[in-house]
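Asks: Build the full structure now, drawing on both the sequences and the hints.
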Amino acid sequence: MKPISRMRPLGVALMMAAVAVTSMAGFGAALRKRAMLGSHQQPMADQWFEETTPTSPQLIVSGRKLFLDSCAHCHGADASGDEGPDLHGVEVSDRYISNIIIHGIPHEMPSFAKKLGHPEIGALTAYVRSLDGS
Amino acid sequence: MDAGFWTKLHGATTHFPIALTLCSGVFDVTGFALANRPIGRDLNAAGYWAMILGALGSLPAVISGLVLTKGVIIGHGVVRMHHLFAWPAFALLVTLATWRAMLGRQAARSTFIGYLAGVVIAAGLISAAGYWGGEMLIAR
Numbered sequence: 148m149k150p151i152s153r154m155r156p157l158g159v160a161l162m163m164a165a166v167a168v169t170s171m172a173g174f175g176a177a178l179r180k181r182a183m184l185g186s187h188q189q190p191m192a193d194q195w196f197e198e199t200t201p202t203s204p205q206l207i208v209s210g211r212k213l214f215l216d217s218c219a220h221c222h223g224a225d226a227s228g229d230e231g232p233d234l235h236g237v238e239v240s241d242r243y244i245s246n247i248i249i250h251g252i253p254h255e256m257p258s259f260a261k262k263l264g265h266p267e268i269g270a271l272t273a274y275v276r277s278l279d280g281s
Numbered sequence: 006m007d008a009g010f011w012t013k014l015h016g017a018t019t020h021f022p023i024a025l026t027l028c029s030g031v032f033d034v035t036g037f038a039l040a041n042r043p044i045g046r047d048l049n050a051a052g053y054w055a056m057i058l059g060a061l062g063s064l065p066a067v068i069s070g071l072v073l074t075k076g077v078i079i080g081h082g083v084v085r086m087h088h089l090f091a092w093p094a095f096a097l098l099v100t101l102a103t104w105r106a107m108l109g110r111q112a113a114r115s116t117f118i119g120y121l122a123g124v125v126i127a128a129g130l131i132s133a134a135g136y137w138g139g140e141m142l143i144a145r
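Top line first, the protein sequences correspond to chains A and B. Using the working numbering, the first residue of the first sequence is number 148, and each one after it goes up by one. Using the working numbering, the first residue of the second sequence is number 6, and each one after it goes up by one.
Hints should not be assumed to be uniformly reliable.
Stated by the list, open to error - Incomplete in silico selection of chain A near chain B, CB under 10 Å:
| no. | residue |
| --- | --- |
| 1 | L161 |
| 2 | A165 |
| 3 | V166 |
| 4 | M171 |
| 5 | F174 |
| 6 | G175 |
| 7 | A177 |
| 8 | R181 |
| 9 | A219 |
| 10 | H220 |
| 11 | D225 |
| 12 | G228 |
| 13 | D229 |
What the hints assert, rightly or not - In silico DSSO-like links for lysine-lysine, alpha-carbon gap of 30 Å or less:
| no. | chain 1 | residue 1 | chain 2 | residue 2 |
| --- | --- | --- | --- | --- |
| 14 | B | K13 | A | K262 |
| 15 | A | K262 | A | K212 |
| 16 | A | K261 | A | K212 |
| 17 | A | K261 | B | K13 |
| 18 | B | K13 | A | K180 |
Hints are computed from structural coordinates only; laboratory data are not their basis. Owing to the predicted nature of the structure, the values given are computational and were not obtained by experimental measurement. Cβ coordinates follow ideal geometry from the N, Cα and C atoms, glycine included.
Replies: Shown next, in the form of structure tokens:
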């Protein structure tokens, strides 16, 4: 193997860039995995089977508007995740979704208790629930 | 810890590689144009160190950005636009700094012209990444 000083400088430079970008991407993937685990706090078993809140197309449309105003900049306009996690097919109860909206997640998601009232939180919950099958 | 700590740290650290890359480009192009004068060599040295420090400064900027976004590599919307420029800029900065360090301060003229072209592209990419970073703050 040639000593580094005798190798082509541009080749070594490109190799260094590849190592740097791959390392940072790996670091990012590890952070992402950790954040996703933390964000999807596992609900208690009895929370999985709670009855769902009655919903309607109007409620979902209203929830979608609220989502775009308050949530899309972290969860993405299509709710498929950005800084925050993908909200499609979350396997938690409506109460669990509402509680997360109301209380937030320490250091990850703000509380919306002061910004949104019960009807708005219900609409948002209905919207998130509507993403189940999409 | 302050909830905005990583936002502030990313905002602080990103300005070093942006400023140093732009300065490096200006110093090197001016130094290249004035190569026959003593100040040309000084500008060349300034461009050299600005590039090395700019590439080193990009590491805390990238790390703080990754921690801030909890590991988002590309993302959506404005974040996506920021990342589409920031990652190539980071790769190019590391490439240029390593290349320059290996070439030393006295490179062949044709090689140096290629290097300068890379610096101009890196300056454009990092400026665009900075612009979309600013747009992110406005979007929030």
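Asks: If any of the earlier hints don't hold here, list their numbers in rising order.
Replies: none
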